[in-house]
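Visitor: Chains A and B, in that order, are what the protein sequence lines are.
Numbering-wise, the first sequence is residues 1 to 99 according to the working numbering.
Numbering-wise, the second sequence is residues 100 to 484 according to the working numbering.
Hints should not be assumed to be uniformly reliable.
Straight-line distance between alpha carbons at most 25 Å, and here's what the computed DSS-like set of lysine-lysine pairs gives [unchecked claim]:
| id | chain 1 | residue 1 | chain 2 | residue 2 |
| --- | --- | --- | --- | --- |
| 1 | A | Lys3 | B | Lys222 |
| 2 | B | Lys194 | A | Lys3 |
| 3 | B | Lys240 | B | Lys357 |
| 4 | B | Lys222 | B | Lys194 |
| 5 | B | Lys139 | B | Lys274 |
| 6 | B | Lys370 | B | Lys238 |
A short list of chain B residues far from chain A (calculated; beta carbon distances all over 12 Å) [to be verified]:
| id | residue |
| --- | --- |
| 7 | Pro108 |
| 8 | Gly110 |
| 9 | Leu136 |
| 10 | Glu158 |
| 11 | Lys225 |
| 12 | Gly258 |
| 13 | Lys274 |
| 14 | Gly277 |
| 15 | Thr314 |
| 16 | Leu319 |
| 17 | Arg327 |
| 18 | Lys345 |
| 19 | Arg446 |
| 20 | Glu474 |
If you are wondering where the hints come from, they were derived from the structure by calculation, not from laboratory data.
Glycine included, every Cβ here is placed at the ideal spot set by N, Cα and C.
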Amino acid sequence: MPKAIENLILSHPKDNVATARSPLNAGTLLNLTEHKAIVAREHIPFGHKIALQKIKKGGAIIKYGERIGRTIREIKPGEWVHIHNVVGERGRGKGRKKG
Amino acid sequence: MNFLGYRRPDGKVGVRNHVLIIPSVACANEVCNAISLKVKGTISIPHQHGCAQLAFDAEQTARTLIGVGKNPNVAAVLVVGLGCEVVNSSMVASKISESGKPVKNLIIQEVGGSPKTIKEGIKISKELVSYASQLKRVKAKPDSLILGVECGGSDACSGLAANPALGVTSDLLVKEGGTIILSETTESIGAEHILARRAVNKKVREKIFEIIRRTEMRALNLGHDIGRANPAPGNYEGGITTLEEKSLGCVMKGGSTKVMEVVEYSEAPQKKGLVLMDTPGHDAESMTGLIAGGTQIIAFTTGRGNPLGSPIAPVIKIASNSFLYSKMQDNMDINAGEIVTGKKTIREIGESIYREVFRVASGKLTKSEICGHREFAINRIGPSF
Numbered sequence: 001m002p003k004a005i006e007n008l009i010l011s012h013p014k015d016n017v018a019t020a021r022s023p024l025n026a027g028t029l030l031n032l033t034e035h036k037a038i039v040a041r042e043h044i045p046f047g048h049k050i051a052l053q054k055i056k057k058g059g060a061i062i063k064y065g066e067r068i069g070r071t072i073r074e075i076k077p078g079e080w081v082h083i084h085n086v087v088g089e090r091g092r093g094k095g096r097k098k099g
Numbered sequence: 100m101n102f103l104g105y106r107r108p109d110g111k112v113g114v115r116n117h118v119l120i121i122p123s124v125a126c127a128n129e130v131c132n133a134i135s136l137k138v139k140g141t142i143s144i145p146h147q148h149g150c151a152q153l154a155f156d157a158e159q160t161a162r163t164l165i166g167v168g169k170n171p172n173v174a175a176v177l178v179v180g181l182g183c184e185v186v187n188s189s190m191v192a193s194k195i196s197e198s199g200k201p202v203k204n205l206i207i208q209e210v211g212g213s214p215k216t217i218k219e220g221i222k223i224s225k226e227l228v229s230y231a232s233q234l235k236r237v238k239a240k241p242d243s244l245i246l247g248v249e250c251g252g253s254d255a256c257s258g259l260a261a262n263p264a265l266g267v268t269s270d271l272l273v274k275e276g277g278t279i280i281l282s283e284t285t286e287s288i289g290a291e292h293i294l295a296r297r298a299v300n301k302k303v304r305e306k307i308f309e310i311i312r313r314t315e316m317r318a319l320n321l322g323h324d325i326g327r328a329n330p331a332p333g334n335y336e337g338g339i340t341t342l343e344e345k346s347l348g349c350v351m352k353g354g355s356t357k358v359m360e361v362v363e364y365s366e367a368p369q370k371k372g373l374v375l376m377d378t379p380g381h382d383a384e385s386m387t388g389l390i391a392g393g394t395q396i397i398a399f400t401t402g403r404g405n406p407l408g409s410p411i412a413p414v415i416k417i418a419s420n421s422f423l424y425s426k427m428q429d430n431m432d433i434n435a436g437e438i439v440t441g442k443k444t445i446r447e448i449g450e451s452i453y454r455e456v457f458r459v460a461s462g463k464l465t466k467s468e469i470c471g472h473r474e475f476a477i478n479r480i481g482p483s484f
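Assemble the whole structure, with the sequences as input and the hints as a guide.
Guide: Structural data, given as C-alpha cells:
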C-alpha cells in the first residue's frame with residue numbers, strides 16, 4: 001500500500017523515488033524519517049518523482065518495489081526524476097522477463 | 100449486493116436495454132446511421148471494417164460484431180450488410196440469434212439500394228424497439244456481472260490512487276462471484292511477472308507471457324519502439340516516465356485475485372473471477388473488445404481527463420486527482436483524488452466505486468452516457484488490402 005510522507009507518496013518501502021502530492025519548490029525540506037531528510041534540488045511538479053537517494057549512472061529506478069527504468073546519468077538525492085534522466089527498457093526488445 | 104437488470108433468453112443479464120443496428124461492413128454505415136436517426140431507442144455502430152481484410156482481421160471483425168450483438172445489454176438487433184462483403188451479414192445475424200434474442204437482417208443489394216433499405220430498416224427497428232420497451236428489470240445477482248476495468252489518459256496518481264482503489268472494487272466483485280476483465284496488453288508490459296505470479300495454472304501463466312511477447316514483438320518487427328506511442332505525451336506530463344511505470348500502475352485495476360483465464364480480443368470468457376483480455380492500449384478499441392466479450396459495465400480511471408464512452412455499456416469515470424475532478428466534473432463520476440490528499444483511503448474509494456457499479460447496473464446513468472459518448476473502434480491487426 002502506498003504511504004504518504006509529508007508532501008510525498010512512497011509506493012513501496014524498497015523505492016528509491018517518491019511522488020510529489022503537491023508541487024514542490026526548490027529548497028523544500030522533506031523529512032523522510034526521524035533521522036533522514038532530503039531537500040528538493042529543483043521544482044518538482046505535482047505527480048512527478050523525486051530521488052530519495054543517490055542513484056548511479058545506469059542504475060535502476062525503483063517504484064512500486066519494481067524496476068521502472070534506468071538512469072542515463074547520476075541522479076542526486078532531491079533531484080527531479082523523469083524522462084530527461086531516465087529511460088524505460090521495455091517495448092524496445094530489451095529487459096523482457098523470461099517466461 | 101444485488102441489482103435490477105434485464106434477463107435475456109440465454110440467461111444472461113443486461114444492465115441496459117438497447118436495440119442495436121450493426122453494419123457488417125463499412126459500406127452499410129450510413130444506412131445504419133440513417134435508420135437510427137429515425138427510431139428512438141436504437142444505436143448504430145459504424146466502423147471501418149468488414150471487407151478487404153486478411154483472414155485474421157476479418158475473423159476478428161466478425162467475432163467483435165457478433166460479440167457486441169450478443170452482449171446482454173442489447174435487447175434486439177438489426178444487422179445490415181451490403182451483399183458482397185467478407186464479413187457476411189446473414190452469418191453475423193445468425194450467430195447473434197443463437198443467444199435467443201430477436202435478430203433481423205437486411206442486405207442493401209438485395210433490398211434494392213440505400214433509400215429502400217433505410218425505409219425497411221426503420222419499419223423493422225420500430226418493431227424491435229416496441230418489443231424491447233416492454234421488457235422489465237428483474238432482481239439479479241452479482242455473479243451475472245462482468246465488469247471491464249480500463250484506464251486512459253493516466254497520470255502518476257492513476258497508479259497510486261485510482262487504479263489500486265479500482266483493484267479493491269475488482270476483489271469485492273470477484274468475492275461475490277462476478278467477473279473482472281483486465282485488458283490493455285501494451286500497458287501490462289513490464290508488469291507481466293506480477294500477473295503471471297497470480298496465474299491459476301501453468302497454461303494461463305504461459306499465455307500471459309505469450310500475449311506480452313506477441314505485443315512487444317509486433318512493434319519491434321515493424322521497426323518501431325512502443326515508447327514513441329505509449330506512454331503518450333500527456334502521460335509524461337502527468338509524471339509517468341516509462342512504459343514499465345505505467346504498466347505497474349495499470350495492472351492494479353485487476354485487484355489481487357488469481358488470474359483464471361486469458362482470452363483473445365472480443366472473446367467471451369468461460370471462467371468467472373479475474374480474466375485478462377488481449378487488447379491494445381487504445382481505449383476505444385480496448386473497450387470495444389470488452390463489450391464484445393460480454394462486459395456489461397466498464398470502470399475507467401483517468402488522470403488527464405479521458406471522456407470516452409461506449410455505445411452499449413455504461414462507463415464509470417474515476418478521476419485519479421482532485422484537480423481533474425473539479426475541472427471536468429461533467430465527465431467524471433467518482434473522485435479518487437481524495438486518496439492523494441489524504442481525505443479518503445484506497446479501501447474507502449474502492450468500496451464507493453463498488454456501490455456505484457451496482458447503482459449503474461440498476462439503471463443510474465453515468466456521465467459518459469449523459470454526455471452522449473458512444474465511441475466504437477474495432478482493433479485491426481494488419482493493413483487493409
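Visitor: Failing hints, ascending?
Guide: 1, 2, 5, 12, 15, 16, 17, 18 and 19
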